[in-house]
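Novice: Line order of the protein sequences matches chains X and A. The numbering of the first sequence is my numbering, which starts it at 1 and goes up by one. The numbering of the second sequence is my numbering, which starts it at 1 and goes up by one.
Please keep in mind that the hints were generated in silico from the structure rather than gathered at the bench. Since the model is a prediction, treat every value here as computed from it, not as a measurement. C-beta: ideal position from N, C-alpha, C; glycine also. Worth double-checking, as some hints may not be accurate.
Stated by the list, open to error - Listed next, the in silico DSSO-like pairs over lysine-lysine satisfying Cα-Cα at most 30 Å (straight line):
no.: 1; chain 1: A; residue 1: K105; chain 2: X; residue 2: K57
no.: 2; chain 1: A; residue 1: K56; chain 2: A; residue 2: K105
no.: 3; chain 1: A; residue 1: K105; chain 2: A; residue 2: K70
no.: 4; chain 1: X; residue 1: K17; chain 2: X; residue 2: K69
no.: 5; chain 1: X; residue 1: K69; chain 2: X; residue 2: K57
no.: 6; chain 1: X; residue 1: K18; chain 2: X; residue 2: K69
no.: 7; chain 1: A; residue 1: K70; chain 2: X; residue 2: K57
no.: 8; chain 1: A; residue 1: K105; chain 2: A; residue 2: K26
no.: 9; chain 1: X; residue 1: K65; chain 2: A; residue 2: K56
no.: 10; chain 1: A; residue 1: K26; chain 2: X; residue 2: K57
no.: 11; chain 1: X; residue 1: K71; chain 2: X; residue 2: K17
no.: 12; chain 1: A; residue 1: K26; chain 2: A; residue 2: K56
Claimed, not checked - With the Cβ distance kept under 10 Å, some of the chain X side facing chain A (calculated, not the full set):
no.: 13; residue: V4
no.: 14; residue: R72
no.: 15; residue: G103
What the hints assert, rightly or not - Derived contacts from chain X toward chain A, CB cut-off under 8 Å, selection only:
no.: 16; residue: I12
no.: 17; residue: L43
no.: 18; residue: F90
no.: 19; residue: L96
no.: 20; residue: Y98
no.: 21; residue: Y101
no.: 22; residue: F102
no.: 23; residue: P104
Given next are the chains, with one letter for each unit.
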Amino acid sequence: EAQVTQNPRYLITVTGKKLTVTCSQNMNHEYMSWYRQDPGLGLRQIYYSMNVEVTDKGDVPEGYKVSRKEKRNFPLILESPSPNQTSLYFCASRGLLYEQYFGPGTRLTVT
Amino acid sequence: SQQGEEDPQALSIQEGENATMNCSYKTSINNLQWYRQNSGRGLVHLILIRSNEREKHSGRLRVTLDTSKKSSSLLITASRAADTASYFCATVWSGAGSYQLTFGKGTKLSVIP
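Only chain X is shown next, with the shape it has when bound in the complex (with noise of 0.2 Å):
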């Protein structure tokens, strides 16, 4: 089955404690994104891969870092976590008529 999958679903964590978010896509998908999800702010970019090793900034990519070494795994990396953090985040690959593929998401709490 086509899909993208994240891990963990949920996660509680303290500000300060370094967090990484897995990404995986099976679908040989090579333009990848990461998204958070706010009330009242709907769906924000914060970084996106074009391929693998080519990735850039969003529209709010500060407090968080990515990689991409391999073409089906996109981690999301939160060196130092801090409340305003605190968000659903998503993961997409993007097919050919640039129709995105969301993974379920990650519900990220930040004390």
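Keeping the supplied structure of chain X fixed, place chain A upon it in accordance with the hints.
Specialist: The following block gives chain A in isolation, referenced to the frame of chain X:
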């Protein structure tokens, strides 16, 4: 940056009625897409309409696009309780090696059984 703006923000209808949601945008696009999101879950791609198309159908979904007015509408016919979700439009612009996809803030649809 947000480009698509959905209208209304929230819509409540009875099962069996039709639901219409609108999306307006500001700049040129290559295509416009509609997505559904059930509460707290990932967005699911519903339908894509290209800038040179005016109308598209998929099952109970009908999408129209008016590029002169920079607007699109999503019609769900004979709604069901299972259609309860948030619906987002997303505009795509691509060209000269660049690409931009921007989501609106969504319309929350409630279908009452």
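Novice: Next, verify each hint and record whether it holds.
Specialist: The hints, checked one at a time:
Using a Cα cut-off of 30 Å, the hinted pair K105 of chain A and K57 of chain X holds, with the two alpha carbons roughly 21 Å apart. Distance restraint check for K56 of chain A and K105 of chain A: the Cα-Cα separation of roughly 22 Å lies within the 30 Å cut-off, and the hinted pair is therefore satisfied. The suggested pairing of K105 of chain A with K70 of chain A holds, with an alpha-carbon distance near 17 Å, which does not exceed 30 Å. Taken as a hint, the K17 of chain X and K69 of chain X pair is honoured in the structure, with Cα atoms around 23 Å apart against an allowance of 30 Å.
Straight-line distance between C-alpha atoms of K69 of chain X and K57 of chain X comes to about 17 Å, which keeps the hinted pair within the 30 Å bound. Simply put, K18 of chain X and K69 of chain X have alpha-carbon atoms about 20 Å apart, close enough for the 30 Å limit, and the pair holds. A distance of roughly 27 Å separates the Cα atoms of K70 of chain A and K57 of chain X; the hinted pair therefore holds under the 30 Å criterion. Proximity of K105 of chain A to K26 of chain A is assessed by CA-CA distance (about 15 Å); at most 30 Å being required, the pair is judged to hold.
The suggested pairing of K65 of chain X with K56 of chain A is violated, with an alpha-carbon distance near 39 Å, which exceeds 30 Å. For the proposed pair K26 of chain A and K57 of chain X, the alpha carbon gap of about 22 Å is at most 30 Å, so the pair holds. About 27 Å separates the Cα atoms of K71 of chain X and K17 of chain X, which keeps this hinted pair within 30 Å; it holds. Straight-line distance between C-alpha atoms of K26 of chain A and K56 of chain A comes to about 21 Å, which keeps the hinted pair within the 30 Å bound.
The beta carbon of V4 of chain X comes within 8 Å of a beta carbon in chain A, closer than 10 Å, and the hint placing it at the interface holds. Residue-level restraint check for R72 of chain X is violated (minimum Cβ-Cβ distance to chain A is 17 Å; threshold 10 Å). With a least beta-carbon distance of about 6 Å to chain A, the hint placing G103 of chain X at the interface is held under the 10 Å criterion. Given the 8 Å rule on beta carbons, the hint for I12 of chain X is violated: about 16 Å separates it from the nearest Cβ of chain A.
Interface hint at L43 of chain X: satisfied, since its Cβ lies 4 Å from the closest Cβ of chain A, which is below the 8 Å cut-off. Nearest Cβ of chain A to the Cβ of F90 of chain X: about 6 Å, under the 8 Å cut. The hint holds. With 8 Å as the threshold, the beta carbon of L96 of chain X stays out of range of chain A, its nearest partner Cβ sitting at about 11 Å, so the hint is violated. This hint holds: Y98 of chain X has a C-beta 5 Å from the nearest C-beta of chain A, less than the 8 Å allowed.
Interface restraint check: Y101 of chain X against chain A, minimum CB-CB distance 7 Å, threshold 8 Å, status holds. Using the Cβ-Cβ criterion of 8 Å, the hint placing F102 of chain X at the interface with chain A is satisfied: the shortest such distance is roughly 4 Å. Because the beta carbon of P104 of chain X sits about 5 Å from the nearest beta carbon in chain A, less than 8 Å, this interface hint is met.
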